[in-house]
Each structure stands twice: as C-alpha cells, then as structure tokens.
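Whole structure, please, built from the sequences with the hints as guidance.
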Amino acid sequence: MHRYIPHTEEEIKEMLQEIGVGSIDELFVDVPKTIDGYKIPDGKDEFTVRKIVETLAQKNKAFQPENVFLGAGIYYHYIPTVVKHLAANPNFLTAYTPYQAEVSQGTLQMLFEYQTMMCELTGMEVANSSMYDGASSFAESLLMATRITGKYKMLVAKTINPEYRTVARTYTSPIGIKIEEIGYTELGAVNLDELKAKLDDETAAVAVAYPNFFGVIEDLKTIRSFIRQNVIFIVVAEPVSLALLEAPGTFGADIVVGEGQSLGVTPNLGGPGIGFFTTLEKHVRKMPGRLIGQTKDLDGKTGYVMILQTREQHIRREKATSNICSNQAYIALINAIYLSIMGPQGLKEVAYRSYNNAHYLAKKLEEAGFPRIFTGEFFNEFVVRVSTDYRNRWHEMAKDGILGPIPIDRVYKELGPSALVCATEVNTKESMDRLVEVMRK
Amino acid sequence: MTIFELSKPGRKGYELPTYDVPDSGCNIPEHLLRKKPPMLPEVSEVDVVRHYTNLALKNYSVDRGFYPLGSCTMKYNPKINEDMAILFTQLHPFQPRETIEGAVELMGHLKELLCEITGTDDMTLQPAAGAHGELTGLLIARAYFEDIGELGKRKKVIVPDSAHGTNPASAGMAGFEVIEIKSGPDGCVDLEELKKHLDETVAVIMLTNPNTLGLFEKDILTIAKMAHDVGALLYYDGANLNAIMGRTRPGDMGFDIVHLNLHKTFSTPHGMGGPGSGPIGVKSPLAQYLPVPVVRKSGEKYELDYNLPKSIGMVRTFYGNFLVLVKAYTYILTMGGKGLKHVSDMAVLNANYLRAKLSKTFKIAYDRICMHEFVIDNEEFAKKTGVKTLDIAKRLLDYGLHAPTIYFPLIVHEAMMIEPTETESKQTLDAFVEAMEKIAKEAQENPQLVKGAPYTTPVRRLDDVNATKYPVFRFKR
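So the sequence lines, in the order shown, correspond to chains L and G. Quick note: the first sequence uses this note's numbering, first residue 1, plus one each step. Quick note: the second sequence uses this note's numbering, first residue 442, plus one each step.
No lab work stands behind these hints, which were simulated from the structure alone. Where is the CB? At the ideal position from N, CA and C, for every residue including glycine. Be a bit skeptical, because a hint or two may be false.
Stated by the list, open to error - Here are the simulated lysine to aspartate or glutamate pairs, DMTMM-like style, with alpha carbons at most 25 Å apart:
hint : chain 1 : residue 1 : chain 2 : residue 2
1    : L       : K348      : G       : D627
2    : L       : K33       : G       : E553
3    : L       : K61       : G       : E539
4    : L       : K413      : L       : E430
5    : G       : K798      : L       : D30
6    : L       : K51       : G       : D693
7    : G       : K882      : L       : E281
8    : L       : K364      : G       : D461
9    : G       : K520      : L       : D42
10   : L       : K282      : G       : E539
11   : G       : K801      : L       : E18
12   : G       : K779      : G       : D693
13   : L       : K286      : G       : E618
14   : G       : K917      : L       : E281
15   : G       : K666      : G       : E557
16   : L       : K153      : G       : E553
17   : L       : K84       : G       : E523
18   : G       : K804      : L       : D42
What the hints assert, rightly or not - Partner residues aside, some chain L positions facing chain G, computed with beta carbon under 10 Å:
hint : residue
19   : M15
20   : G43
21   : R169
22   : V350
23   : I373
24   : F379
Spelled out as structure tokens, the structure:
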C-alpha cells in the first residue's frame with residue numbers, strides 16, 4: 001500500500017480473479033525478467049523527502065532581485081502575486097493537451113487569448129500555442145524558412161544569443177541547412193555591408209535579434225530594406241521590449257520568435273520557460289506547433305478547438321512541419337495571466353523603467369571606468385569594458401549577494417575583457433549605485 | 442467572453458513600486474518607437490482572478506477525475522512535487538557555478554537514478570519533451586554513424602505502423618528516411634517483415650515497448666540481436682515505461698538509446714500539454730555525442746561537463762525543464778525502488794482488470810494479457826449501431842469522465858486506447874465500466890442520444906471542420 005496507490009490486498013485478489021490469473025507475476029509472462037527490482041533505496045515519507053530536497057535547495061544561492069544584473073536571455077521582473085495563485089489551479093496544472101475540446105474550453109480559450117496577445121506584441125497575424133524555449137523556437141523558424149523557400153542558406157546575425165545559434169546548428173545541420181554568420185559593427189548592430197555581400201539567390205532567410213544579445217536595438221526597417229521580399233525575415237525578439245519598441249511585424253518580419261520567460265515567469269534555472277512563435281497567415285501551413293482557433297458548437301455558441309492539425313506529427317507523421325507534441329502550454333498560461341494583469345500601460349512602464357535603469361547604470365559605470373564597448377542605442381542590456389581579472393571579481397561579487405554582469409569574452413573572444421550588464425524595473429537606484437561601487441573596488 | 446471584451450481603457454490591475462531613478466530621457470530613434478500600443482486587456486485584479494478561475498472551471502483534469510488517455514499516463518500528480526519545485530525558481534541559469542551546487546547535485550542524483558531505471562550508462566536531461574528527446578536520440582545516432590564513417594550508407598529509420606506520430610516526425614527532422622513496417626497478426630513486430638527491410642542501410646529501429654497496443658514485444662531480445670547484427674541501433678520510446686518498472690530495463694533488452702517522459706511515468710503534471718521533460722539515456726559508446734552540458738560525478742561532487750568535442754551541440758538552452766526534473770526527483774525519492782515496481786504492477790493490474798470487464802461488452806483488439814493499456818476495436822460495433830468511437834468518447838464526457846485516446850493506434854480502426862494508471866482505485870474503474878456499459882446500451886436503444894453527445898459540458902460538439910477551413914487565429918475587435 002502506498003498513499004498514491006489505492007489498492008487493498010483484498011481488491012488485488014478480486015481483480016486477479018476477474019482477470020483469471022493467480023498472481024501479478026502472471027501478467028508479466030512476456031517480459032524477460034532481467035532485474036529483481038532496482039538498486040534504488042526504499043521510498044521515504046513526505047517529511048523526509050522534504051528534508052532531502054530542502055537540503056539540496058539550501059546549497060544554492062538565490063539573489064535578491066534588485067541585486068541581479070545578469071540577463072542574457074533570462075530576466076528577473078516583478079511578478080504580481082495573483083500570477084502564481086491563478087496558475088496553481090489544478091484544473092490547469094493537471095489537465096492535458098485539449099484532445100476533448102468540450103471539456104477543455106478553459107485551456108483552449110486561454111491559449112487563444114495567449115495567441116492573440118503574442119500577435120499583438122509582435123505585430124504578427126498568427127501565433128502558435130508555444131514551443132519549448134526561445135532557442136528551439138528560433139531553430140524551428142529556420143527549418144520553416146527552408147520549407148517556405150526550398151532554399152538552405154541562412155544568414156544569421158552573430159548578435160543573436162550564442163546558445164540560440166548553437167541550438168540552431170544542432171537542429172538544422174541534419175537536413176543540410178548552411179548557417180552563415182553576419183558580424184557586427186562598432187554600433188554593436190548587424191554589419192549591413194557584410195549582410196548585403198552575403199545575400200544571394202540561394203538565401204532562404206535573414207535572422208536578427210531585437211534587441212540583440214548586446215542589448216542593441218537593431219534597425220529592422222533598414223535591414224528589411226536590403227532584403228528582397230522572397231527572402232524570409234526572421235526576428236528574435238524580447239517580448240517586454242515590444243511594449244516600447246515598434247513591433248517587428250510593422251517592419252515586414254515573416255517570422256518573429258523568442259523566449260517568453262520575461263512575461264511573468266520565474267527564472268527557474270533556465271527552464272521551464274517558453275518559446276513563442278509568430279508568423280503571417282500566408283505562411284501558416286508551413287508553421288510548426290499547435291494552433292487554437294475559434295469556432296461554434298452545435299447550438300451556435302462560441303467555442304475553441306485545435307486547428308490545422310494536418311501540419312502536425314500525429315496526422316502527417318514524417319511529413320509533419322515539426323515533431324513537437326508536448327509544448328509549454330502551462331507557461332503560456334502564466335504569460336497570459338501576467339499580460340492580463342499588466343495590460344498595455346503596465347508592460348510599457350516595465351519596459352521603460354528597464355530601459356531607463358539600464359541607461360542610468362550605463363552612465364554611472366562609464367563614470368566609474370567601465371565604458372560601453374558599443375555605441376548603438378540599447379534597451380535594457382549593454383556591454384562594458386572590464387579589467388582582465390573581472391571574472392574573479394564576478395565570483396567575489398556573488399559572495400556579497402550581487403549577481404553581477406556576466407563576462408562574455410569566452411563567447412565573443414574578439415571583444416577582449418567584457419561583460420554584459422542587465423537592468424530591469426526591479427533594480428533600485430540604491431542597488432545600482434552599490435553595483436558601481438563594488439565593481440570599482 | 443474573452444478577456445479582451447472585459448477591457449476598459451484606463452482600467453488597470455498592476456501597481457509598480459515607487460520609483461527614484463532619475464529619468465535620463467528616451468533616445469530610441471523615432472522610427473523604432475512603438476506607435477500603437479498592443480491591444481492587451483485593461484482590467485482590474487479581480488477581473489483577472491475571475492476570468493482565469495472561471496476558465497479553469499471549464500477544464501477537466503486529473504484532480505477532478507479519471508483520465509484514461511492511452512499512451513499519456515495521466516496518473517495523480519503529488520502535491521509535494523510542486524512544493525519542492527518552488528524551492529528552485531529563483532536561480533538564474535548563468536549564475537556562478539559555485540552558487541548552484543544543490544541544483545547540479547540534484548541533476549546528478551536524478552541522472553543516476555534514471556540510468557539505473559533505464560539500464561543505460563549516461564544521460565542528458567536537456568530535452569524538454571518526449572518528442573524533443575526522440576530528436577536528440579536520433580541526432581546522437583546520426584553523430585555516431587558519421588563518426589564511424591557509415592552515415593553515407595545508413596539513411597533509414599524503421600518504425601512499426603503502430604508507432605506514435607512523433608517517431609517518424611523526429612526521424613524526418615533528423616534527416617533520415619522513414620520505413621514503416623506492418624505489425625504482425627499478433628499486434629507485435631513481424632520478424633519476417635522486419636527481416637525484409639533490415640540491412641546495412643538501416644541506422645535505427647525505433648520501438649515502443651510495450652507497444653501502443655499495450656502488448657509487450659516478446660521477441661525483443663531477437664529484434665535487438667537482428668538490429669545489432671547489421672550494425673543498426675535500437676531506440677526505445679519511453680512513453681510506456683510505466684508498465685515494466687522493477688522487472689526489466691530497456692538497456693537490458695538491448696536498447697542503445699532510451700527516452701523517458703518524466704511527465705508520464707514520473708508523475709510531473711501535464712500542464713495542459715507541457716512543460717514535460719524527455720531525458721535521453723545511452724549506452725557508453727554513445728555518451729560522447731550527448732548534448733552539453735552533461736552532469737557527471739567527479740570525486741564527491743557533480744560537475745557540468747561541456748568538454749565533449751563530438752557532442753551534437755545543444756537541443757535547447759541550459760539544463761532542460763529543470764523544475765520538472767525537481768518534481769520527478771521528488772517522486773522517485775517518495776516511491777523508492779520497490780515503490781516503482783509496485784507502480785507498474787498496479788498499472789498493469791488495473792489495465793487487465795478493465796480489459797477483462799470491458800471485454801464482456803466491447804471487442805478488445807488483440808485480446809490477451811496486456812500491459813498498462815489496451816485498445817478497444819469498435820469497428821463492428823459502429824457498423825451495427827451507427828455509433829462510432831468518437832460518439833462513445835463524447836458521451837463519456839456526459840458521465841463526468843474523460844475519454845480515452847481515440848483513433849490511435851492507426852492500425853486499429855475505430856480505436857479506443859485505454860490507460861487507467863496505477864493511481865485509480867477499483868471503484869473508479871468499476872464506475873468507468875458501468876458508464877461504458879450504459880453507453881453501449883444507449884447505442885443499441887437510442888443511437889441518436891449517443892451521437893448527439895455531449896449535452897452537459899460547457900459547450901456541445903464543436904465545428905472543427907470550418908474552424909480549420911476558415912481559421913480564426915486570434916481575437917479581433
């Protein structure tokens with residue numbers, strides 16, 4: 001007997017009798033008995049399990065949000081209290097994929113609203129109901145560009161998050177996609193001359209980040225003007241910034257993807273987060289992932305269902321637009337609740353404060369001898385010159401409870417000693433001033 | 442009503458802290474500044490609370506009742522798992538290594554436990570879902586064949602026609618050609634059919650065992666030998682691991698690459714479709730191709746090993762769906778080795794009990810001892826009564842139950858695939874049987890009643906044909 005498993009001895013006997021076998025073992029006659037149980041300790045009571053996991057948790061160091069100056073794709077923002085309370089509803093948490101639409105209208109309507117919100121933020125026409133994370137979403141956007149164009153050459157800005165590019169290579173190399181990287185200028189933005197030179201008739205897509213990994217706001221308008229209409233324009237966007245920055249859809253993006261963690265999701269050691277994926281209606285049949293649409297029931301009442309499923313693996317099998325099945329629907333819920341609470345004005349204030357804090361901090365750091373490396377206008381992250389022993393400082397700062405700007409010279413060797421600084425609305429003037437002091441030491 | 446329709450300009454549900462940072466002014470170039478704000482809801486906190494609470498009421502869930510979706514393992518999700526995950530939410534993936542000692546140790550312990558459970562030598566916890574694991578596993582196979590100079594000739598992946606759709610889809614994404622082989626008359630892999638297609642052009646055979654009919658591939662040791670004799674690798678789809686714990690292990694059966702679905706077997710909640718987690722275990726010759734980082738024991742501590750020159754790279758950022766890993770770890774600690782065996786024993790007992798009871802009214806496809814799930818074949822029933830599997834499924838909703846998986850596996854027409862899991866009691870199973878018997882009776886006496894179901898749900902049957910033909914992707918004013 002176990003508290004999760006309800007069978008009494010008597011019931012087991014009755015059930016075996018009904019089946020017509022004498023023992024549980026007889027149910028496993030086809031199974032080669034290669035082990036006699038696992039070499040795993042016996043189960044423990046709840047109190048003991050708690051102690052074990054809590055002991056592990058105590059071996060980590062969590063930082064006060066205002067003392068975090070590390071972003072690089074995962075951000076600390078203030079999450080209103082209602083978000084976690086509403087998301088904890090077991091009718092969301094313990095439901096599955098809405099295969100039976102009539103008893104999944106909560107999930108389906110929520111995802112439909114989530115899709116609407118992502119379309120609004122990105123300025124695109126269609127959003128799917130989530131991908132695993134920003135990186136896999138980006139990788140899938142390249143696969144989609146090949147499906148649309150039949151071409152295999154991708155021009156990818158080096159200013160896209162390095163891990164995203166690694167994941168993209170892992171995903172795209174098996175089918176013969178060639179990724180060529182486009183460097184950056186002293187602005188910290190994509191090198192337009194290099195882009196022009198590398199663009200040719202074989203090019204399937206051009207991909208840039210907005211704002212990019214260095215925090216710089218790429219000029220999507222100018223970039224799009226260099227790219228012929230039949231080349232797919234992919235933008236990796238940071239969703240909070242889109243409350244302040246013009247939507248990529250306005251500039252003619254074909255696909256806008258990114259990581260949605262910054263919309264109400266705790267950092268979670270990087271997972272779960274959520275990949276968002278948006279595109280134009282004309283490309284929708286080439287799109288990966290699950291889509292929810294609005295419809296009517298027999299009585300004419302509005303309802304929601306999964307649509308365009310013939311793109312998906314359970315129907316199209318090896319010809320599917322992706323193998324994705326389980327996604328990150330629960331995180332889409334968190335995004336939707338967060339965006340509902342914040343509204344257009346709240347999100348814009350969060351974006352502007354993040355922007356303003358980063359600019360305050362950049363000025364203070366410059367005065368303290370940490371100049372910015374790039375001159376381009378930035379959102380809430382920027383790269384500064386640091387001393388050669390900065391990496392040690394960074395570890396030292398952590399001991400003092402500050403999660404400082406992350407050194408990036410191992411991934412961008414050409415930059416020399418450098419660090420990526422991040423500020424959001426949760427950093428206070430006091431905490432930023434303290435960072436400057438500590439870095440100056 | 443959608444949340445957008447609750448919106449009133451100027452209403453708000455947020456409040457930011459007082460702000461003392463001097464305003465430096467906005468220097469974003471005019472053409473890059475947003476002109477038209479996104480149409481997000483403008484609602485109060487109570488609006489948001491009621492909206493989502495009411496949406497949740499329209500959902501069926503494991504916490505509400507029986508959820509016998511075949512191949513999905515909708516078992517009870519213990520509450521303590523959630524509490525333990527919350528202890529790790531504030532960690533940034535890039536914070537200094539020495540500040541995440543406990544998280545790395547947890548991943549190390551979990552990996553060792555899962556290697557023991559699967560009979561594999563090494564493992565990645567990075568894949569975010571089962572299908573993601575499949576892709577990872579096939580990319581590992583690809584890297585292996587490339588490394589030994591055989592990728593040029595090995596282009597094929599064999600999957601049985603009873604396989605999950607993700608198997609062929611993953612193989613396609615990994616750049617392989619998919620060969621689908623017909624199952625034998627007993628529902629298992631047909632060895633003659635396999636022989637016909639198996640040669641040195643085959644890279645991988647992907648199998649689910651027990652298969653999607655709930656039958657254990659009894660020739661598995663022979664199949665493994667056949668695969669290895671031609672130099673192919675054997676891939677284990679772990680969707681159905683809940684059937685065999687404590688008795689055998691994929692690695693012992695000869696599988697080289699194994700994926701797990703932590704959200705199925707290891708009780709982490711399904712969250713309306715995710716996040717899941719799909720770790721990949723491999724035999725030692727394949728460990729060098731795992732995505733980075735790999736968690737390894739080094740002395741007394743665990744380290745994150747990025748130094749794998751032959752690695753396939755990364756399949757997503759960081760360490761995977763880490764919080765899901767915490768939940769699965771908590772579950773394994775709770776159940777222990779013996780408990781996990783008990784899980785499979787009771788899961789298989791439940792399935793066979795349901796099969797035995799339902800076989801009195803319905804035709805069971807391949808009616809013999811099954812594992813953790815089985816499939817009803819309603820083809821004759823539908824011919825006789827005009828009531829199809831879809832109708833029965835919809836009618837079950839009226840009885841307050843979730844329907845089983847329907848129309849899968851594809852090799853059984855009018856299929857209804859039932860997986861009760863171990864956490865359901867005999868009373869629950871009996872109530873399900875009673876509902877199914879009533880529906881069978883209704884189908885005889887008043888088929889229109891069943892064909893019009895459901896009647897008691899928040900909406901009735903929805904028009905999905907027109908929903909796809911004239912798609913409405915988003916709310917518009």
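Against the structure, the hints:
A threshold of 25 Å between alpha carbons decides the hint, and for L/K348 with G/D627 the separation of about 62 Å lies outside it, so the pair is violated. Annotation: proposed proximity of L/K33 to G/E553 holds, straight-line Cα distance about 21 Å (limit 25 Å). Among the hinted pairs, L/K61 with G/E539 is consistent with the structure: their alpha-carbon atoms are about 9 Å apart, no more than 25 Å. Restraint check for L/K413 and L/E430: not satisfied, since their Cα atoms lie roughly 33 Å apart, outside the 25 Å limit.
For the given pair, G/K798 sits about 22 Å from L/D30 by alpha-carbon distance, which is consistent with the 25 Å threshold. A C-alpha spacing of about 34 Å is found between L/K51 and G/D693, which places the hinted pair above 25 Å, so the restraint is violated. Proposed proximity of G/K882 and L/E281 is contradicted: the alpha carbons are some 46 Å apart, above 25 Å. Restraint check for L/K364 and G/D461: satisfied, since their Cα atoms lie roughly 15 Å apart, inside the 25 Å limit.
Simply put, G/K520 and L/D42 have alpha-carbon atoms about 20 Å apart, close enough for the 25 Å limit, and the pair holds. The straight-line distance between the Cα atoms of L/K282 and G/E539 is roughly 49 Å, outside the 25 Å bound, and the hint therefore fails. The straight-line distance between the Cα atoms of G/K801 and L/E18 is roughly 12 Å, inside the 25 Å bound, and the hint therefore holds. Taken as a hint, the G/K779 and G/D693 pair is honoured in the structure, with Cα atoms around 19 Å apart against an allowance of 25 Å.
The suggested pairing of L/K286 with G/E618 holds, with an alpha-carbon distance near 20 Å, which does not exceed 25 Å. Distance hint between G/K917 and L/E281 is fulfilled; the C-alpha atoms sit about 15 Å from each other, no more than 25 Å. Taking the CA atoms of G/K666 and G/E557, the gap is near 22 Å; set against the 25 Å cutoff, the hint holds. A hinted pair counts as satisfied when its Cα atoms are at most 25 Å apart, and L/K153 with G/E553 does not qualify at roughly 41 Å.
Proposed proximity of L/K84 and G/E523 is supported: the alpha carbons are some 12 Å apart, at most 25 Å. For the hint pairing G/K804 with L/D42, the CA-to-CA distance comes to about 40 Å; that exceeds 25 Å, so the pair is violated. With a cut of 10 Å, the hint placing L/M15 at the interface with chain G holds, because the nearest CB-to-CB distance is about 4 Å. Residue-level restraint check for L/G43 holds (minimum Cβ-Cβ distance to chain G is 3 Å; threshold 10 Å).
For the restraint placing L/R169 at the interface with chain G, the shortest Cβ-Cβ distance is roughly 6 Å, inside the 10 Å limit, so the hint holds. Interface hint at L/V350: satisfied, since its Cβ lies 7 Å from the closest Cβ of chain G, which is below the 10 Å cut-off. Checking L/I373 against chain G by beta carbon gives a least distance of about 18 Å; that is not within 10 Å, so the hint is violated. Against a cut-off of 10 Å between C-beta atoms, the interface hint on L/F379 holds, since the closest Cβ of chain G lies about 8 Å away.
When the structure is compared with the earlier hints, violations turn up for hints 1, 4, 6, 7, 10, 16, 18, 23 and for no others.
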